[in-house]
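Number of protein chains: 2
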Amino acid sequence: MESLNFLLPQSEIPTHWYNVTADLPTPPPPPLGADGKPATPEQMNAIFPMAILEQEMSSERWIPIPQEVREIYRLWRPSPLVRAARLEAMLGTPAKIYYKYEGVSPAGSHKPNTAVPQVYYNRQAGIRRITTETGAGQWGCALALAGQMFGVETRVYMVKVSYDQKPYRRSMMRTWGAEVFASPSTLTQSGRDALVRNPNHPGSLGLAISEAVEEAASRADTNYALGSVLNHVVLHQTIIGQEAKKQFEMAGDWPDVVIAPCGGGSSFGGMAFPFYADNAAGGRNGKTVRLVAVEPTSCPSLTQGKYAYDFGDSSGFTPMMKMFTLGHDFTPPSIHAGGLRYHGASQLVSQLYHEGLIEVVAVPQLATFEAGVMFARAEGVVPAPEACHAIRVTIDEALRCKQTGEPRTLFFNLTGHGHFDMAAYDRYFAGELKDFEYFEYPREAIEESLRHLPNFA
Amino acid sequence: MESLNFLLPQSEIPTHWYNVTADLPTPPPPPLGADGKPATPEQMNAIFPMAILEQEMSSERWIPIPQEVREIYRLWRPSPLVRAARLEAMLGTPAKIYYKYEGVSPAGSHKPNTAVPQVYYNRQAGIRRITTETGAGQWGCALALAGQMFGVETRVYMVKVSYDQKPYRRSMMRTWGAEVFASPSTLTQSGRDALVRNPNHPGSLGLAISEAVEEAASRADTNYALGSVLNHVVLHQTIIGQEAKKQFEMAGDWPDVVIAPCGGGSSFGGMAFPFYADNAAGGRNGKTVRLVAVEPTSCPSLTQGKYAYDFGDSSGFTPMMKMFTLGHDFTPPSIHAGGLRYHGASQLVSQLYHEGLIEVVAVPQLATFEAGVMFARAEGVVPAPEACHAIRVTIDEALRCKQTGEPRTLFFNLTGHGHFDMAAYDRYFAGELKDFEYFEYPREAIEESLRHLPNFA
Chain Z
2 MESLNFLLPQ
12 SEIPTHWYNV
22 TADLPTPPPP
32 PLGADGKPAT
42 PEQMNAIFPM
52 AILEQEMSSE
62 RWIPIPQEVR
72 EIYRLWRPSP
82 LVRAARLEAM
92 LGTPAKIYYK
102 YEGVSPAGSH
112 KPNTAVPQVY
122 YNRQAGIRRI
132 TTETGAGQWG
142 CALALAGQMF
152 GVETRVYMVK
162 VSYDQKPYRR
172 SMMRTWGAEV
182 FASPSTLTQS
192 GRDALVRNPN
202 HPGSLGLAIS
212 EAVEEAASRA
222 DTNYALGSVL
232 NHVVLHQTII
242 GQEAKKQFEM
252 AGDWPDVVIA
262 PCGGGSSFGG
272 MAFPFYADNA
282 AGGRNGKTVR
292 LVAVEPTSCP
302 SLTQGKYAYD
312 FGDSSGFTPM
322 MKMFTLGHDF
332 TPPSIHAGGL
342 RYHGASQLVS
352 QLYHEGLIEV
362 VAVPQLATFE
372 AGVMFARAEG
382 VVPAPEACHA
392 IRVTIDEALR
402 CKQTGEPRTL
412 FFNLTGHGHF
422 DMAAYDRYFA
432 GELKDFEYFE
442 YPREAIEESL
452 RHLPNFA
Chain Y
2 MESLNFLLPQ
12 SEIPTHWYNV
22 TADLPTPPPP
32 PLGADGKPAT
42 PEQMNAIFPM
52 AILEQEMSSE
62 RWIPIPQEVR
72 EIYRLWRPSP
82 LVRAARLEAM
92 LGTPAKIYYK
102 YEGVSPAGSH
112 KPNTAVPQVY
122 YNRQAGIRRI
132 TTETGAGQWG
142 CALALAGQMF
152 GVETRVYMVK
162 VSYDQKPYRR
172 SMMRTWGAEV
182 FASPSTLTQS
192 GRDALVRNPN
202 HPGSLGLAIS
212 EAVEEAASRA
222 DTNYALGSVL
232 NHVVLHQTII
242 GQEAKKQFEM
252 AGDWPDVVIA
262 PCGGGSSFGG
272 MAFPFYADNA
282 AGGRNGKTVR
292 LVAVEPTSCP
302 SLTQGKYAYD
312 FGDSSGFTPM
322 MKMFTLGHDF
332 TPPSIHAGGL
342 RYHGASQLVS
352 QLYHEGLIEV
362 VAVPQLATFE
372 AGVMFARAEG
382 VVPAPEACHA
392 IRVTIDEALR
402 CKQTGEPRTL
412 FFNLTGHGHF
422 DMAAYDRYFA
432 GELKDFEYFE
442 YPREAIEESL
452 RHLPNFA
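So the sequence lines, in the order shown, correspond to chains Z and Y. With positions in the first sequence counted from 1, the corresponding number in our numbering is that position plus 1. With positions in the second sequence counted from 1, the corresponding number in our numbering is that position plus 1.
In case anyone wonders, no lab produced these hints; they're calculated from the structure. Computed from a predicted structure; not experimentally measured. Certain hints may be false.
What the hints assert, rightly or not - Pairs of lysine-lysine, DSSO-like flavour, derived with a Cα cap of 27 Å:
| # | chain 1 | residue 1 | chain 2 | residue 2 |
| --- | --- | --- | --- | --- |
| 1 | Y | Lys247 | Z | Lys247 |
| 2 | Z | Lys403 | Z | Lys246 |
| 3 | Z | Lys288 | Z | Lys247 |
| 4 | Z | Lys288 | Z | Lys246 |
| 5 | Y | Lys97 | Y | Lys288 |
| 6 | Z | Lys167 | Y | Lys167 |
Just need the whole structure built from these sequences, with the hints factored in.
This is the structure:
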């Protein structure tokens, strides 16, 4: 019986993260402060520890993973590389399909890969409390888990409407000992101001960020953590692609196409960048690998955005980064793939796309659920809506292979399971997701918000 | 860095199930029909295929696992054997703690281990439709998954109150293509009768069984499947203990105590019986292993029940089995560990307990959640309420080892994750589970239902 699961022993958990900055064709444009001058680590030290800021700015190719972090990674890593043989058979494709399953982490997604080192470095710097924001709760869960592992108090500002309507990730955060507050809260000035304006304020991710940053900036023992977009976050996620390369060697195979969902960019970068390293060096045995980021048509920052300096958050608190952006005040339609609802894309992913070194595809929501259900019926695992985006493009590639007869090897990032997203599947089966189709390409909203870009493009 | 996860390659998925009947000190008492005469396979062939009934009655020690079943097992098996090193450190115990994690199956529990072969044998017998009942949905999910894998239509009668209040496992069954009906339904006579008596009938597991069995018995192309209690179900679960034995060899360790939750008995038997095989042969290197079944004090069939002939279902449709029972019309309090709310225990588990070959411990609900939260904070995984019962007893053993200084090796069955049970954790954190304490040992209800035992004890 052929093995479908390529098992990597825990001794093979990577010892270093891979920093793609070292292999970029040109140095990355620096982040800029509101004054248009390059932002310095010192400016950001109020809410991030120096070790993280050094990683953010580093151009070293390999950055060592602390032993304490690898010991926590052991709780669920290496994650499986699985051959989706039943999906191949269902599609009748000559393509081979593999996936990396990040849903095995206790939090159910790839997010703990960066939550754990972020909490670790903060703890090393003497920080006792970490704040963050969360929408549906995936990132909040990851940070709560990591906080518990290192004994750092975790305080999560959860968008009120999710806090009320999606209680189960909130319960999970509490199980791991985190404190969770509905945002807007009365704990911060930002929250109180919002409640004065509207006592029934439903909350927003931008407002929750403001609350978390305000608390972190106002207390010396407290820092802030972010779950995507920034360079150090993408860096931490590169253990995904590194493990996968070892597992493909075990399988005696190698991907022709690497496919991952792309919101802020860390799940795509984490999986694709270690393969990009080979491309940058002329390819593996002279052969390069296609790297495909998948975004929703409702929030198409890469395919429809502008490559320009913009703020990382919706309120304009952060330094500006040069990235593909829909404008920082663009509010994406509420698709179920909450992790892909970001107005921009990581500056590293943006730069590689700008230079023509990666591909990007945008897919509509309904088609992603169709793909997710097909995957669940073939392979068992019910995927998270974010992961369904990668599955859609993988299936489309596999069907193209069926037409052309090419036996390509396709590899996608199954970033998480859908156990906390079953309400979205319900709406799909009920036909209610069709209602979202008019959001698919929100041209006017994008044009409007692009007019508000800061003037440093 | 020491490995905590003992990885078994897929080539080591067991080729045979272990049938404990071959190693019982005395032959098991036969099931009896309502007339008091031994029930024959032919009588049950209306709803079960012969291949399953042969397994139910077999005394062969090893029963081959069909290749097609092993190929589906490959989607998630072998399941991990994990050393809970952080829990050990948290408790400060000299004991070593290991767990087998069955939550990695797509359905999130050990139930697919038997759903897959049950559907396979039905498919081989030409059956196109399978019916079953489900309460919270764990068994229904497992059968829906298995039905999808072999192209057998799956029809699940789900207790109405769960259908309405716990929609997410219902959505999961639909994602795998099953049809799910609120029970009582208008599809069966049993359902219609119940609705005539009470148009707002909330449903019950007994009634859902009646509906599923009625549909299966009335159609030649349709059979019925049960998720625990019966011998063939326990048999299929023995892959858990068999894999574990190979993994302990890899780890260079061996359990002194094997601990598993016990409702119908299949998760306990599946884990413990392969270790019992060594005990029956005089022990491994002369050393026997303690086998501990854990039941809730609110439904204490083994510790407070009577060893007597009783019906397997609450309505008296099934043959009678000799087992520890609280009486078939005992209704357990609605604790959150729905999988442990069964009035009896597998006749195999019952016989071994009667003969003094296994131990049983009953634990109260509140203490199980306390243990589950402790486990989640140490190891990450949030356990299902059923599994929390085994964790409670494991922690208690580990704390005894701390007192005595004995470095025992403890091994428990983490039968599933708690992703669909977060509402129960919420109630625990809110202090609401204290309300259940008066249920802890429902002495009067048990005495009352024991008076209704059939007269074949």
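**OP:** Identify every previously stated hint that the structure contradicts and give their numbers, smallest first.
**Re:** none
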